[in-house]
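The hints should help you fit chain B onto chain A, whose structure is shown.
Sequence order for the protein chains is A and B.
Under this note's numbering, the first residue of the first sequence carries the number 909, and numbering increases by one thereafter.
Under this note's numbering, the first residue of the second sequence carries the number 15, and numbering increases by one thereafter.
For the record, the hints were derived by calculation from the structure and aren't laboratory data.
Bear in mind the structure is a predicted one, so any value in this text is a computation, not a measurement.
Beta carbons: idealized from backbone N, C-alpha and C, even for Gly.
A hint or two may mislead.
[To be verified] To give an idea of the interface, some chain B residues facing chain A are shown, with a C-beta separation under 7 Å as derived from the structure: (1) 161; (2) 162; (3) 242; (4) 261; (5) 264.
[What the hints assert, rightly or not] Distance condition first, Cα-Cα at most 35 Å in a straight line; then the derived DSBU-like pairs of lysine-lysine: (6) 1307/A to 107/B; (7) 1300/A to 101/B; (8) 1378/A to 279/B; (9) 228/B to 1346/A; (10) 1054/A to 44/B; (11) 150/B to 1346/A; (12) 1378/A to 150/B; (13) 1354/A to 129/B; (14) 92/B to 1307/A; (15) 1353/A to 228/B.
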Amino acid sequence: MNQEMGKKEPGEVTTLYNEFETWTVNTGGQTIHAKRMPGFFRTFKDRAQLALWLPFFLLPYLRWNGKQAILFDVDHNQFHFFSLTVLPQDIWMLSLVLLVAAMTLFAVTSVASRVWCGYFCFQTAWTDWYTWLEEKIEGNPTARRKLDAAPWTLDKIKKKVIKHLLWMLIALLTGISFSIWFVDAFEYWNKLLHFQLPLVGWVTLTMFLFGTYILAGFLREQTCFWLCPYARIQGVMSDSQTILPTYDYTRGEPRGKIRKGGEAVAPQGDCIDCFQCVQVCPTGVDIRNGQQLGCITCGLCIDACDVVMDKINKPRGLIRYASLDELSGQAAKKIYQHPRTLVYLSIILLALSGIVWGLTHMGSMTLKIVHERQPLFVQMSDGSIQNKFDFKVLNKTDKDFRVKVSAEGGVKDQVIIGAEQDPMTHHGRGTSFTIFVKAPAVNIKKDVVPIQFRVENVDDPNVFAEYTSKFYGPNK
Amino acid sequence: MSDKHDASSVPTTGHVWDDDLGDYINQPPKWWMLGLTVSAIWCVVYWLYYPAFPISNAGYFTKGLGGWTAIGEMEADKSVVDEVRGKYEAKLKDMTPAAILADSELTEYVTRSGKVLFGDNCAACHGTNGVGTHDKQGLFAPILNDDDWLYGGTIDTIHETIQGGRQGMMMAHADMLSEAEIDTLANAVAAGKPTSTPLFAEKGCTACHGEDGKGMQAMGSANLTDSVWRFDGSVEGIKYTIKNGVNSGMPDARVAVMPAFQGGKLSDAEIKKLAVYVYKFGGGQAQ
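Here chain A stands alone, though its shape is the one from the complex (with noise of 0.2 Å):
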């Protein structure tokens, strides 16, 4: 095929493979010891990370008229939100509410790149915190490198221990605090500290422990590397209009080390070279080769170098949030004039009218009808037709309560039988019973007619449903 390849001993590169040489992976073969450096970046991620996973710890305990406030109750497949409840009916809503979370990831990640990853998503911040404790007990990066080749020793095997436990325990907080998302949250700690948890219970916990042990202990970037889908999708979603932590190179290139004296021998650019930005790079990347897939966009290396250009009396904003346009010259776009962004928050204005209207258009109470098709009517010993309907009520409040049970439509002179005693409905779940029409066959015109029956509270008649069925009789 080609020539000049020529005939290769087994063992050696092909020149196909050649680029390879130049790719600087980390495959997590070294830890990754990132500086904690203070600045915006800084101060922005800590808060970003709290104000969403504050609540997912805390959210739970919440109480609302003496249950849960929010309660994923797949025990009773249930939804409860405050007041609301929501059936698996209207479970199609979540699907919505799961598109709206997507679309807006999008959005977002079309304008400034993946601002998720960075200061959200739980392994950012899950990592950030293990590595936080691990600064506290082991010391800084430099520290905790020589403490990684020391021989073990009582000290470090103390620290290590403590470091270890701590994790755990971060792990197992975090597994319990998943679960009482489902069950109830007293309830749950109760059977915990009783050991009384069902197998799932115990299952669920034991893989969010060592799930973020693991992950958040030992994987860290490696997760956002090699596992994680979103971080290759939200790749696709930066163009040139997007904003992302950029290295200019326009202005730091060449870059070098500054000389005493400030003789410059050569022309040079405002890089100092002097690591800074990969030093604080919590996924270990270089920012100067340009936007990556490691890059997570946290923005810790706009902090880092930011120190640096003031030392140095240089304007900060070396490496900042820029778009490509930006840095190649080209005028800045208008969001309006972004596309993508525009079809993202249309889906999401879809997504949200469909929310809107199921949330009022929910109902607190749904009516199901299955005629009897076998037979599908009855002739009745007075001559008249009488037709056999399963009624299933599903009363969403939460008291049960008696219905009165109407038609409009069929055929004239009908007799509803069965429900003279109001049916007793169960709230929470679906109750069935049996409703007999009974019509005169002379009024029976057509063989099958609408008929449109109506269920009604009968101490609040605004709490109703109808269903349309058919009256059916003999060929006529």
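Only chain B this time, still in chain A's reference frame:
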């Protein structure tokens, strides 16, 4: 893509093909070997724990240390269902059919679970959902979802009927009445007005069917004035019934026999359930 192992330091098998392709004689990765070993151990444990291997054609096999059997698993699953049903069944046992009917939740349970019972024991004659079955005599067994009952449609009479069974009885009149008389009677009955002919009273029909022709439920005689027919409502069909009777001993007599179910394969509770189930077909009558 491992950075840890330098591939070029490992010898190949020596076999080269397609110009430059060869096989390293590397050890498989540790994690892979570990997976293989664990899988092998898993196989052995599984083989020992569960029934695994036939020993002879006579059905001997290694039973497994865990004592697992398919039938055992099925029984365990069944006990879960039985547990749900248990609380209803326990209540049903000491209740009268009328009391079951008065309890809407129990009635709901019975109308759901009664379907299978009815299908297994009743539907052969009465049809699925009690729609009746037809043969050469017209209706072979009565429709159960209308409100015309030969012996009464209260819950207690239905219960009684299932327990003790029923035998229809009507004399054959072929030798007692003339062809013309039979014709007159049949036409009057077909029109739903049996009393319109004096023959109805003169020939003694009223003894069983009542002076108004509406039948007597105590003896199971049919109501001749309504629009529901036990056998065949055409003039010819009615003539046939008058001539040959029902269970009359004549070779061509109509047949109307309902077997008794009490003491048979149905338990008392099952008979009660069926009574409620049939009552709820749509024709049940208040006490």
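Item to check | Contradicted hints - numbers only | outcome: Those not satisfied are hints 4, 5 and 8.
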